[in-house]
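Use these hints to put chain V onto chain Y, whose structure you have.
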Amino acid sequence: MQQIVNGLTIGTMYSLCAVGYSMVFGILEFVNFAHGSIYTVGAFITLTLVSSGRIGFGVSFLLSMIATGLLGVAIDRFAYYPIRSKRAPKMNLLIGSIGMSIFLQNLAMLIWGSQTRNYPEVLRLGSTRLLGVTISHYQVVIFLLTAFLIVALQTFIKKTKTGKAMRATAQNVDATKLMGVNVNLIVQIVFFIGSALACVAGTLVGMYYQAADPWMGFMPGLKAFTAAVLGGIGVFEGAMVGGLIIGIVETLAAAYIHAGYRDGIAFAVLIIVLLVRPTGLWGKALSRKV
Amino acid sequence: MQVLGGNRKASLSSRASRILFGILGLVLLAVPYVGVSSYVVRMFTLTLMYISLGLSLNLLSGLAGQVSLGHAAFYGIGAYTSALLSLRLGLPFMLTCLAGGIMASLLGLLLCFPAMKLQGTYFTFVTLGFGEIVRLIILNWAKLTRGPMGLPGIPQPVILGIRIASDGAYYYLILVIAVIIYAVVSNISNSATGRALVAIREDTLVAEAMGVNVFKYKMIAFGLSTFFAGIVGAYFAHYISFIDPSNFTFDESSLILSLVVLGGMGNLKGTILAACFLIAVPEVMRGLLAYRMLIYGLILVLAMMIRPQGLLGSQKRMQVS
Chain Y
1 MQQIVNGLTI
11 GTMYSLCAVG
21 YSMVFGILEF
31 VNFAHGSIYT
41 VGAFITLTLV
51 SSGRIGFGVS
61 FLLSMIATGL
71 LGVAIDRFAY
81 YPIRSKRAPK
91 MNLLIGSIGM
101 SIFLQNLAML
111 IWGSQTRNYP
121 EVLRLGSTRL
131 LGVTISHYQV
141 VIFLLTAFLI
151 VALQTFIKKT
161 KTGKAMRATA
171 QNVDATKLMG
181 VNVNLIVQIV
191 FFIGSALACV
201 AGTLVGMYYQ
211 AADPWMGFMP
221 GLKAFTAAVL
231 GGIGVFEGAM
241 VGGLIIGIVE
251 TLAAAYIHAG
261 YRDGIAFAVL
271 IIVLLVRPTG
281 LWGKALSRKV
Chain V
1 MQVLGGNRKA
11 SLSSRASRIL
21 FGILGLVLLA
31 VPYVGVSSYV
41 VRMFTLTLMY
51 ISLGLSLNLL
61 SGLAGQVSLG
71 HAAFYGIGAY
81 TSALLSLRLG
91 LPFMLTCLAG
101 GIMASLLGLL
111 LCFPAMKLQG
121 TYFTFVTLGF
131 GEIVRLIILN
141 WAKLTRGPMG
151 LPGIPQPVIL
161 GIRIASDGAY
171 YYLILVIAVI
181 IYAVVSNISN
191 SATGRALVAI
201 REDTLVAEAM
211 GVNVFKYKMI
221 AFGLSTFFAG
231 IVGAYFAHYI
241 SFIDPSNFTF
251 DESSLILSLV
261 VLGGMGNLKG
271 TILAACFLIA
281 VPEVMRGLLA
291 YRMLIYGLIL
301 VLAMMIRPQG
311 LLGSQKRMQV
321 S
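These protein sequences, in sequence, are chains Y and V.
Numbering follows our numbering, in which position 45 of the first sequence is assigned residue number 45; successive positions increment by one, without gaps.
Numbering follows our numbering, in which position 32 of the second sequence is assigned residue number 32; successive positions increment by one, without gaps.
Extracted from the complex, chain Y is given alone in its bound form (with noise of 0.2 Å):
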């Protein structure tokens, strides 16, 4: 029971990330290496933000979240952008944004030091026990907090206009340019989200574990699209319930079987998976044309 309760919290984490990749793939069909690096240096603003001690830590936080998803729309607007416009293969941007993130990772190395960083510990929660589980006021704090973003997320999506312009775009890129909708706002607008909660994740995994290092998120990241490609690449609820999946697997795994395979595990059921199910959980067939 507590190995689950601790791999939910990991899971909740990775499933902010992944809703990021699927989101940016749904629409631009490509993963995003970039992703995991966007996770680091958003870890690493909030980091600087708290400790500058004039913020309080909310703010702070905001803060972080707005300036990461602005970094992510302009990773975009520089870097993906020029590429996309040439109609180049999709490999070039999967190329592109492992070069990006190859440079986010150095850069922040230069920024923040190659050393582990202490993640100021702002909130002092207590634990509870229940069942027999302990599950520490923080881990509620992250359930509550992902809970939260999600729920506002999926209502984004579903009601508003721009959510609906989202939706449309992820189906059919041309046809929702016809209908007079501005795609390149729109992926703006999934780079800032995606970013923003990449942020978050790194933040709460920052304070979870105390510590934050540069590399911090290459793992999360290749775990994180694992996720979304696990639960089928692209839909909303797939990259979700992935991530919870990864989270609780790996976590057993590491508790049972071996904690020297923990990362290993994630790749393990993924291969698993997509040879029953060759797109993933939830992921529509791919249609093959004729």
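Just so you know, the hints here were simulated from the structure itself, not pulled from any lab data.
One thing to keep in mind: the hints can contain errors.
Stated by the list, open to error - With a cut-off of at most 35 Å between alpha-carbon atoms, the simulated DSBU-like pairs for lysine-lysine come out as follows:
{"hint": "1", "chain 1": "Y", "residue 1": "Lys-161", "chain 2": "Y", "residue 2": "Lys-90"}
{"hint": "2", "chain 1": "Y", "residue 1": "Lys-158", "chain 2": "V", "residue 2": "Lys-216"}
{"hint": "3", "chain 1": "Y", "residue 1": "Lys-90", "chain 2": "V", "residue 2": "Lys-143"}
{"hint": "4", "chain 1": "Y", "residue 1": "Lys-86", "chain 2": "V", "residue 2": "Lys-143"}
{"hint": "5", "chain 1": "Y", "residue 1": "Lys-90", "chain 2": "V", "residue 2": "Lys-216"}
{"hint": "6", "chain 1": "Y", "residue 1": "Lys-177", "chain 2": "V", "residue 2": "Lys-117"}
Being a predicted model, the structure only gives us computed values, none of them experimental.
Same frame as chain Y, but now just chain V:
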């Protein structure tokens, strides 16, 4: 007339490229003798190694269009197989090197079965996951691989009674390997097999309808590509004489894939050019220390912007939609 003119132009350019190739060959043969420092010889060796890896992946990802982000796994499997066989059993290099290639190829074919059904990103992610799993197994199977401590003291190869010891000798060995891989891959790409692979890349369904045995050709591409990666891995193990799991990470896989994409998918000369470029750039910028990788990342992004079809890629194969 038009056709004739075109032909003459083609034959002229092929003659020019043949001469260019001859000059290049002579220069490459002369490298260890022109009095350059051993550092330069080592740089050439490293570049040739990545050329070999890039060419081997080009067969799978460039020609057949199966984009793999797990090539470092096969390279690592070759390295570990060869190193362990020669360290534990004292087998000669020719044998261990071949065993490294075969082992990599066997595991590649094993991966090929589940990966076969998958398309695009899903395939890429399975290879990525496979790469990570292989790395973790190497890291955690301490009894066999000594885990994070790595394998030191891998013996120098002895080929036909000649001990490969000097920088120059190692350089010639990788030159031979690279030339063999180039010859094989380039022959394949000009053969019926190569055209079948390109057909699979461009449209698997149409290829299948035209009677191309997709399964068979994907197996060929997978098997050969991973075999060569294993051979290069074996070479690497004996060249560097110490290997540990950090040599075979995702970064390595992404670098190899960058060579293929930057060179132009399916273009062998492009891969060679890209390898020279991407290996040389970080070295040239060594003085910039901390900014080196930062600039490297930027160059990768810029290269994709400026030459979306790759350095030597052809325009016509670009996707339209």
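The hints, checked one at a time:
1. Y/Lys-161 - Y/Lys-90: Given pair Y/Lys-161, Y/Lys-90 holds - Cα atoms ~29 Å apart, limit 35 Å.
2. Y/Lys-158 - V/Lys-216: violated (46 Å)
3. Y/Lys-90 - V/Lys-143: violated (42 Å)
4. Y/Lys-86 - V/Lys-143: Measuring from Cα to Cα gives roughly 51 Å; hence the hint is violated.
5. Y/Lys-90 - V/Lys-216: Since the Cα atoms of Y/Lys-90 and V/Lys-216 sit roughly 26 Å apart, the hinted pair holds (cutoff 35 Å).
6. Y/Lys-177 - V/Lys-117: Holds, because 33 Å separates the two Cα atoms, which is no more than 35 Å.
Taken one by one, the earlier hints fail for this structure at numbers 2, 3 and 4, listed in ascending order.
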